[in-house]
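J.: Sequence:
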Amino acid sequence: MEQTEGLPYELSPEVVARASWLRGQLLSWFRSCGRTFPWRDPGREPYEITVAEVLLQRTTAAGVARAYRGFIKRYPSWASLALTPLEDLERALRPLGLWRQKALVLQHLAQSIEEHGGTIPCSRTEIERLRGIGPYTASAVLAIVYGQTEPLLDVNMVRLLNRFFGPTERAGEGRNRSLHRLALLLVSGEQCLQVNWSVLDFGALVCKARRPHCQECQLKVECWYVRSQITPISDAPSG
1 MEQTEGLPYE LSPEVVARAS WLRGQLLSWF RSCGRTFPWR DPGREPYEIT
51 VAEVLLQRTT AAGVARAYRG FIKRYPSWAS LALTPLEDLE RALRPLGLWR
101 QKALVLQHLA QSIEEHGGTI PCSRTEIERL RGIGPYTASA VLAIVYGQTE
151 PLLDVNMVRL LNRFFGPTER AGEGRNRSLH RLALLLVSGE QCLQVNWSVL
201 DFGALVCKAR RPHCQECQLK VECWYVRSQI TPISDAPSG
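Number 239 marks the last residue of the sequence shown (the UniProt record's numbering); no jumps.
Since the hints were derived computationally from the structure, they do not count as laboratory data. These figures come from a predicted structure and were not determined experimentally. Errors might be hidden in some of the hints.
[Unchecked claim] Okay, derived cross-link-like pairs now, SDA-like style, lysine to any residue, Cα gap no bigger than 25 Å in a straight line:
1) LYS73 / GLN57
2) LYS220 / SER20
3) LYS73 / THR60
4) LYS220 / GLY189
5) LYS208 / TRP224
6) LYS220 / ALA17
7) LYS73 / GLN101
8) LYS73 / PRO95
9) LYS208 / GLN57
10) LYS220 / PRO167
11) LYS220 / ASN162
12) LYS208 / VAL221
13) LYS208 / SER20
14) LYS208 / ARG163
15) LYS208 / VAL15
16) LYS73 / ALA62
17) LYS73 / ARG94
18) LYS73 / THR36
19) LYS220 / GLY166
20) LYS208 / LEU219
21) LYS220 / ARG163
22) LYS208 / SER28
23) LYS208 / GLY63
24) LYS220 / ARG210
25) LYS208 / ALA62
All chains should be modelled from the sequences, with the hints used to inform the complete structure.
T.: This is the structure we're talking about:
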């Protein structure tokens, strides 16, 4: 598959084909190499999923995994979070990064949801009105809790898209819209959630920010980043 010249985020037939190939490769990798976390277990309640997404903000998944089960056991519902003194929440979250901020977010969120009858709404507009919820967490709730087609566009997905398809020359909001369109293309179709998780895991384990494992990567035959690192051998005489 040849990459289209110009902006890589225009959804040309070539980009659509590359995205389809990438999705298949990621799902294949995820089936054998994907990570397992308690918040990914089937049958998790919306409360448990949403709490996990808040805890994961700017914190490693491995770190959250060590504290998650105990936290859910201690605080099993929005009501229990809403009624807990902030100082107690801070102590419970101290092993994680940004524990003061996360304690405050969780308490505000719990109080807000309790005011809405204890149920997380199912539309982005309503979800983002809840205190403590930003665009990424809203996407995660819509994708995981309600099964909607939403890309989890975090730093891992942005890095993978930029490396695989090539960087865009757009800036600001134009760049953000282009990335979102490409991310939505990648996760659309069957197994949206598994594609999202495969990107998160692949970015954490293979396509790392520093020292990515390019030579062992099964995407390298189609990856713009790998191709850009190859220096052509000149056919000019050496002198």
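J.: Run every hint past the structure and note whether it holds.
T.: Going through the hints against the structure:
Of the supplied pair hints, the one linking LYS73 and GLN57 holds, its CA atoms being roughly 20 Å apart against a limit of 25 Å. Note on LYS220 and SER20: the hinted pairing holds, with a Cα-Cα distance of about 15 Å set against a maximum of 25 Å. Between the alpha carbons of LYS73 and THR60 the distance comes to roughly 21 Å, so the proposed pair stays at or under 25 Å and holds. Distance hint between LYS220 and GLY189 is fulfilled; the C-alpha atoms sit about 24 Å from each other, no more than 25 Å.
Proximity of LYS208 to TRP224 is assessed by CA-CA distance (about 15 Å); at most 25 Å being required, the pair is judged to hold. Straight-line distance between C-alpha atoms of LYS220 and ALA17 comes to about 16 Å, which keeps the hinted pair within the 25 Å bound. For the suggested pair LYS73 and GLN101, the alpha carbons sit about 21 Å apart, so the restraint of at most 25 Å is met. A threshold of 25 Å between alpha carbons decides the hint, and for LYS73 with PRO95 the separation of about 16 Å falls inside it, so the pair holds.
For the suggested pair LYS208 and GLN57, the alpha carbons sit about 18 Å apart, so the restraint of at most 25 Å is met. For the given pair, LYS220 sits about 16 Å from PRO167 by alpha-carbon distance, which is consistent with the 25 Å threshold. Our distance criterion of 25 Å between C-alpha atoms is met by LYS220 and ASN162, whose separation comes to about 14 Å. Between LYS208 and VAL221 the CA atoms are separated by roughly 18 Å; this keeps the pair inside 25 Å, and the hint holds.
For the hint linking LYS208 to SER20, the alpha-carbon distance of about 22 Å falls within 25 Å, and the restraint holds. Simply put, LYS208 and ARG163 have alpha-carbon atoms about 11 Å apart, close enough for the 25 Å limit, and the pair holds. About 23 Å separates the Cα atoms of LYS208 and VAL15, which keeps this hinted pair within 25 Å; it holds. Between LYS73 and ALA62, the direct Cα distance comes to roughly 18 Å. Compliance with the 25 Å bound is thereby established for this hinted pair.
Distance hint between LYS73 and ARG94 is fulfilled; the C-alpha atoms sit about 17 Å from each other, no more than 25 Å. For the hint linking LYS73 to THR36, the alpha-carbon distance of about 19 Å falls within 25 Å, and the restraint holds. Proposed proximity of LYS220 and GLY166 is supported: the alpha carbons are some 13 Å apart, at most 25 Å. The suggested pairing of LYS208 with LEU219 holds, with an alpha-carbon distance near 13 Å, which does not exceed 25 Å.
A distance of roughly 10 Å separates the Cα atoms of LYS220 and ARG163; the hinted pair therefore holds under the 25 Å criterion. Distance restraint check for LYS208 and SER28: the Cα-Cα separation of roughly 19 Å lies within the 25 Å cut-off, and the hinted pair is therefore satisfied. Of the pairs offered as hints, the one joining LYS208 and GLY63 holds, with about 18 Å between alpha carbons and a cut-off of 25 Å not exceeded. The hinted pair formed by LYS220 and ARG210 meets the criterion: a straight-line CA distance of about 16 Å does not exceed 25 Å.
The hinted pair formed by LYS208 and ALA62 meets the criterion: a straight-line CA distance of about 16 Å does not exceed 25 Å.
When held up to the earlier numbered hints, the structure conflicts with none and fits them all.
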